[in-house]
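Student: Residue strings, one per chain:
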Amino acid sequence: MDIAVTKKKKLGLKERYALMTRGLGWEPTYQSVDDVFPMDTFEGIKIHDWDAWEDPFRLTMDAYWKYQAEKERKLYAILDAFAQGNGHLTLSDARYINTVKLFINGLAPLEYMSHRGFAHIGRQFRGVGPRVACMMQSLDEMRHAQTQVHAISNYNRYYDGMANFRHHHTHLPYLQVPRSFFEDAATGGPFEFIVAIGFAFEYVLTNLVFVPFISGAAYNGDMGAMTFGFSAQSDEARHMTLGLEVIKFVLEQDPDNLPIVQKWLNKWTWRGVRVLTLVAMMQDYMLPKRVMSWAEAWEIYFEENCGALFRDLARYGIEVPPCVEQVRKERDHLSHMAWCQFYQARGTSNFHAWLPSKEDMDWLSAKYPDTFDQYYRPRFEYWAKLEEEGTPFEAQTPPQQCQVCQIPTIFPVPGEPLTRAEHTCEHDGERFHFCSEWCQVIFEDEPEKYVQANLGAHELYKGNLFGDADPTAEGFDPMAAAMAFLKLTPAESGLHKDSEDARNFDLWRGLATRNDA
Amino acid sequence: MQMDLKTVSIDPKRRTFAHVAERIGADKIASRYQEGTFDMQTEGPQHYRPLWDPAHDYFDPDRTKIAMEDWYAFKDPRQYYYGSYVIARSRQQETAESAFTFVESRGLGAAMPDDVRDTALRLLLPLRHVAWGSSMNNETTAAYGYGAAITQGALYYAMDQLGIAQFITRIGLLLDEAECLDTAKDAWLHDDAWQPLRRLVEDLFVEKDWFEVLIAQDLVLDGILYPLIYGEIVDNVLTMKGGSAVSMVCQFQSEWHAEATKWIDAQVKVAAKESDANAELIKGWTSKWRARAVSALLPVAAIALGDGAEAQMDEVLAAFDKRLAKVGAA
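Sequence order for the protein chains is F and V. The opening residue of the first sequence carries number 8 in my numbering; numbering runs sequentially from there. The opening residue of the second sequence carries number 13 in my numbering; numbering runs sequentially from there.
Rather than coming from a laboratory, the hints here were simulated on the basis of the structure. Keep in mind it's a predicted model, so treat the numbers as computed, not measured. Even glycine gets a Cβ: it sits at the ideal position worked out from N, Cα and C. Just so you know, not all the hints are guaranteed correct.
For lysine-lysine, the following BS3-like pairs were computed, each having C-alpha atoms within a straight-line distance of at most 30 angstroms [as the list claims (entries may be wrong)]: (1) V/Lys-253 to V/Lys-220; (2) V/Lys-220 to F/Lys-73; (3) F/Lys-15 to V/Lys-274.
Restraint-style ranges between C-beta atoms, simulated for each label pair [said to hold, decoys possible]: (4) V/Thr-107 to F/Asn-522: 36 to 42 angstroms; (5) V/Asp-82 to F/His-434: 36 to 42 angstroms; (6) F/Gln-459 to V/Asp-204: 31 to 37 angstroms; (7) V/Glu-109 to F/Asp-100: 47 to 53 angstroms; (8) F/Gly-474 to V/Ala-270: 34 to 40 angstroms; (9) V/Asp-203 to F/Lys-21: 25 to 31 angstroms; (10) V/Glu-189 to F/Gln-38: 49 to 55 angstroms; (11) V/Ser-21 to F/Thr-404: 53 to 59 angstroms; (12) V/Glu-189 to F/Gly-51: 41 to 47 angstroms.
A partial selection of chain V residues facing chain F, derived with a Cβ cut-off under 7 angstroms [to be verified]: (13) Phe-29; (14) Val-98; (15) Ile-99; (16) Gln-105; (17) Ala-111; (18) Trp-144; (19) Thr-152; (20) Met-171; (21) Leu-174; (22) Glu-219; (23) Lys-220; (24) Ser-259; (25) Ala-337.
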């Protein structure tokens with residue numbers, strides 16, 4: 008048989024990837040395109056040419072499976088070794104475990120939300136290119152949710168505050184700060200979601216989350232968390248390129264998109280930074296061996312890196328969100344105010360609190376020379392005295408929360424550290440409270456959305472946190488009923504030094520490092 | 013001889029997370045599948061209604077008529093969580109990769125009789141669009157389904173179908189020039205043989221009940237398409253005519269379907285067993301979409317089988333109907 012051997016045209020990578028992705032799609036004719044993709048127009052974003060989308064990465068499924076499987080094999084081998092060797096006993100200090108608690112309660116469930124959110128927009132954008140990129144991110148986010156749960160699973164077997172992360176993330180008031188943040192994004196339109204999560208969170212703010220947690224893990228001997236963090240890094244790099252491509256694509260499609268995108272950037276930068284309050288506090292107060300201060304991280308990862316980014320986006324007309332001015336003014340206060348709040352309200356959180364030691368306070372003075380000694384050291388020293396006298400201070404009532412970010416309204420007027428900021432407005436005959444001008448702006452843009460928020464304190468007073476208990480029964484104890492409903496046990500909250508976690512860690516570490524006669 | 017390595021032994025306070033212990037018992041050690049799946053999705057009160065669907069909560073069991081007491085009854089018999097999923101697929105893609113390399117390096121594509129290669133391309137290449145449609149329809153479940161158990165399986169299915177669409181694309185690039193993909197898309201959009209199937213796929217794009225989409229796409233359409241196209245035509249008919257190279261590069265699809273069947277059957281079985289109302293819905297959807305799938309796939313099968321399509325279809329349906337009866341969908 009005579010075989011004609013003709014040399015085939017060699018396809019370029021870009022061309023080949025296009026055939027593997029957008030080449031698969033077609034314009035439906037039996038159903039209208041608008042019915043097939045009903046959600047990508049109502050926000051007012053105008054896309055004239057989906058084909059102008061530049062694929063931010065070119066990964067076909069076969070390559071994806073191959074690379075990701077290699078990463079997973081390595082990751083789980085390390086997690087297994089960490090668990091088998093009681094790796095938790097090599098931590099710098101038992102206080103570090105509280106960072107792990109914050110992570111699984113506050114962050115891991117958001118990874119799952121992100122997975123579903125990207126599945127949603129991976130179905131809804133009518134361009135095939137962005138849809139495929141979003142589908143892959145959706146799958147990655149599932150990875151992150153599960154690897155985090157798996158990495159922390161071993162801690163949960165030995166320490167408190169993690170066993171009920173699912174229930175606590177849904178119901179515990181302080182965890183509504185991260186939860187409402189993500190639900191806010193997910194319940195927005197597809198473009199708002201990807202600007203909020205893909206760009207503002209994953210691109211602009213990602214290093215401010217990633218570096219403190221993952222470097223913090225590395226600094227404090229947490230091999231498990233460190234490994235999943237490093238393993239996730241190459242996924243995050245893909246997510247960042249997707250976030251940036253989305254912004255550029257949308258802005259290049261139509262000048263009318265600019266004000267909408269700018270509004271979202273303003274909103275989501277602020278929403279994101281407010282959530283980062285928890286991270287700022289973690290890095291300044293909760294890491295026994297600290298990596299860098301929140302103020303330093305902000306300078307490097309926002310001022311320097313994002314400064315360059317916003318200069319780059321200026322050619323599209325994008326401006327640095329105005330809220331950044333206030334973030335700068337709060338920079339040297341944020342973590343201190345947050346830790347003070349958690350210390351006072353330690354009966355209602357599922358990790359332990361403590362007062363900074365003298366050595367900790369000296370570090371804080373050095374990092375925050377303009378604020379710490381003047382505003383915060385005296386408070387901690389006073390509380391330390393009360394602890395010594397056996398009458399530690401603890402808040403007895405739930406705080407007023409911001410209707411948007413849900414953080415207690417603890418923030419001062421920018422530039423006036425001793426005056427608490429109060430912002431309120433009336434909507435439909437009801438008064439709503441905010442932590443700041445920026446949260447109020449967000450509320451006033453979509454009041455019908457934010458009036459729906461479930462604020463922990465309000466839920467308590469409305470009787471929604473009592474579960475099956477009968478509030479009309481004789482001797483009804485509302486706080487006890489609420490704690491039972493929240494599944495919050497005394498072992499999980501309170502002071503670190505009194506905790507079983509602290510005692511067990513010392514005991515077990517003793518077994519691991521000493522020889523009993 | 014046994015080595016007795018020692019590690020410091022301390023007693024754990026608990027074996028797994030509370031929500032997992034509630035399901036499997038506090039004395040059990042949970043698997044990674046269980047810890048990575050159970051209750052991962054928020055249930056209960058949520059903060060805001062979606063702007064894009066204000067009639068529902070963001071996570072809402074009412075996006076299907078199927079009702080479940082416990083949405084985590086939907087277990088994956090393969091116990092896939094992300095890690096075990098990608099590791100399983102990476103092995104399968106390695107096998108597929110060597111098949112492509114083998115066929116290419118030995119010029120087996122060119123060695124095939126022209127008419128067989130032509131039939132294979134005309135039959136298989138438009139199926140990349142069908143696979144992409146299946147991917148979209150499973151993305152619908154991944155996005156709007158309820159409970160992390162079934163949505164997780166649907167996500168993997170969606171990614172698998174994207175992978176299959178890409179493997180089919182590679183078959184085109186292996187056996188022909190890139191233009192063959194345009195020709196195939198043109199056939200998909202305009203040739204009579206493909207229109208009933210395209211209409212079916214597009215109708216599923218606008219179907220709102222995600223469980224109905226799952227039944228129509230995964231159980232019915234893919235349940236008939238894979239045995240018919242890959243099981244019968246590619247692996248038997250084309251192979252007999254000298255087209256075994258095609259069968260080699262379609263190995264991923266055949267293996268994949270055998271495995272995916274276990275998953276979708278388990279989902280359907282659990283839902284049908286839950287209540288008579290569920291069973292009735294599932295039977296109704298199955299019979300509605302079975303009729304459409306059969307008439308949509310007949311002209312496609314005829315591309316390779318001509319007049320023999322109907323007889324072949326009857327054989328496939330005989331096995332398929334047994335399968336439906338077994339899972340309580342008929």
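Student: Identify whether the interface hint at V/Ala-337 stands, where standing means a beta carbon of chain F within less than 7 angstroms of its own.
Tutor: violated, 31 angstroms
Student: Per the CB criterion, is V/Ile-99 less than 7 angstroms away from chain F?
Tutor: Holds - the Cβ of V/Ile-99 comes within 7 angstroms of chain F, reaching about 5 angstroms at its closest.
Student: Regarding the hint that V/Leu-174 lies at the interface with chain F, is the smallest CB-CB distance below 7 angstroms?
Tutor: holds, 5 angstroms
Student: Does V/Gln-105 pass the interface hint, meaning its C-beta sits closer than 7 angstroms to a C-beta of chain F?
Tutor: holds, 4 angstroms
Student: Against chain F, run the beta carbon of V/Met-171 and see if the smallest gap drops under 7 angstroms.
Tutor: holds, 6 angstroms
Student: So the hint says 25 to 31 angstroms: do the beta-carbon atoms of V/Asp-203 and F/Lys-21 match that?
Tutor: holds, 29 angstroms
Student: Checking hints one by one. Is V/Thr-152 an interface residue toward chain F, by the C-beta closer than 7 angstroms rule?
Tutor: holds, 6 angstroms
Student: Could you say whether the range 36 to 42 angstroms given as a hint is met by the Cβ separation of V/Thr-107 and F/Asn-522?
Tutor: Violated - the Cβ-Cβ distance for V/Thr-107 and F/Asn-522, about 53 angstroms, lies outside 36 to 42 angstroms.
Student: Using the C-beta atoms of V/Asp-82 and F/His-434, is the stated range 36 to 42 angstroms upheld?
Tutor: Roughly 39 angstroms apart at Cβ, these two residues keep to the hinted range, so it holds.
Student: If you take the shortest Cβ to Cβ gap from V/Phe-29 to chain F, is it below 7 angstroms?
Tutor: holds, 5 angstroms
Student: Indicate whether the distance between the beta carbons of F/Gly-474 and V/Ala-270 respects the range 34 to 40 angstroms.
Tutor: Hint violated: Cβ distance 46 angstroms, outside 34 to 40 angstroms.
Student: Under the criterion of a CB-CB separation shorter than 7 angstroms, is V/Trp-144 in contact with chain F as hinted?
Tutor: Constraint on V/Trp-144 satisfied, holds at 4 angstroms.
Hints 1, 2, 3, 4, 6, 8, 10, 11, 17, 22, 23, 24 and 25, counting from the list given before, are not met by this structure.
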